[in-house]
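> As a plain string of letters, each chain reads:
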Amino acid sequence: MWSKVLTGFGYWDVYAWLSFFLVGGGMVCLIRSLGRTDYKEGTDQDEIFFGSNPVPEDGEDLKVPASSAYWGYTQALKPFYEGLVGLHTGMATDYVGWYILVTALVALLVLV
Amino acid sequence: MKMTRVLEILPKSLWVFHCNSGSCNGCDIEIVATITPRYDIERFGMKLVGSPRHADALLVTGPVTKYMTERLKRIYAQVPDPKVVIVVGNCGASGDVFYKSYSLDGPVDNIIPVDVYVHGCPPRPEAIIEGAAKAVLLLEKKREELLKAGASR
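Residue numbers (our numbering), protein chains in the order written: chain A, 4 to 115; chain B, 94 to 246.
Just so you know, nobody snuck in bad clues.
If you only want the chain A side, here are some residues facing chain B, beta carbon under 7 Å, derived: (1) Tyr42; (2) Asp47; (3) Gln48; (4) Phe52; (5) Ser55.
In short, the hints are calculated from the structure, not lab data. By construction, the Cβ of each residue, glycine as well, lies at the ideal position given by its N, Cα and C atoms.
Bound-form chain A, shown alone (with noise of 0.2 Å):
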């Protein structure tokens, strides 16, 4: 009874399932047979080929970071960034002064 389970969206079979994993781990088991083992284990034979490149100890080192996919739209902005980095020198006083010099430009254009 316990074979087929009810989901809602109709039922599965678990030993359909099972036997899935059994021919896959199989076959796995099969694959991984027919590898070589002629490489001299404990030397650089027996290293993950990194592209060549010294395999890093630290996993952090291996990723790569989310910012670098807009790396060119950052790059090409550098300018216009680096000019609002620059205002931004974390200082309240220079932000009310840029508030104060806002506000009078815009009561010039406004009522002027």
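Keeping the supplied structure of chain A fixed, place chain B upon it in accordance with the hints.
Relative to the frame of chain A, chain B by itself:
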């Protein structure tokens, strides 16, 4: 798989890993030409592989820049025995016009032992195929030596 079994089933098929050690890409283009339909080296079972751990032969182009020295040594060390090294192009064989350059550690035989040299700038695909054929013969000889030495794995 046992070494004896490998030697039985792969006596003539050559799998090659290509390392560009600072080449101008002229030789690399000719290597690519050998696997195009005109020359089709794959019909002999030869092919370029993506990892030295799958290779029987290491094919090196370029005069070996300082940056590539350690990498070339690492690639050579990662190719399982028996292995052969084929150098394609004058740069790898002698340094050619770059032989006095400050940025070179090469030519290739300064870094790793070389079995076959294919000269030319760049060599024609026919020459590269002849070099590969010589490499196969050398590889077979090395396999026989290993068998005689009683390779058990």
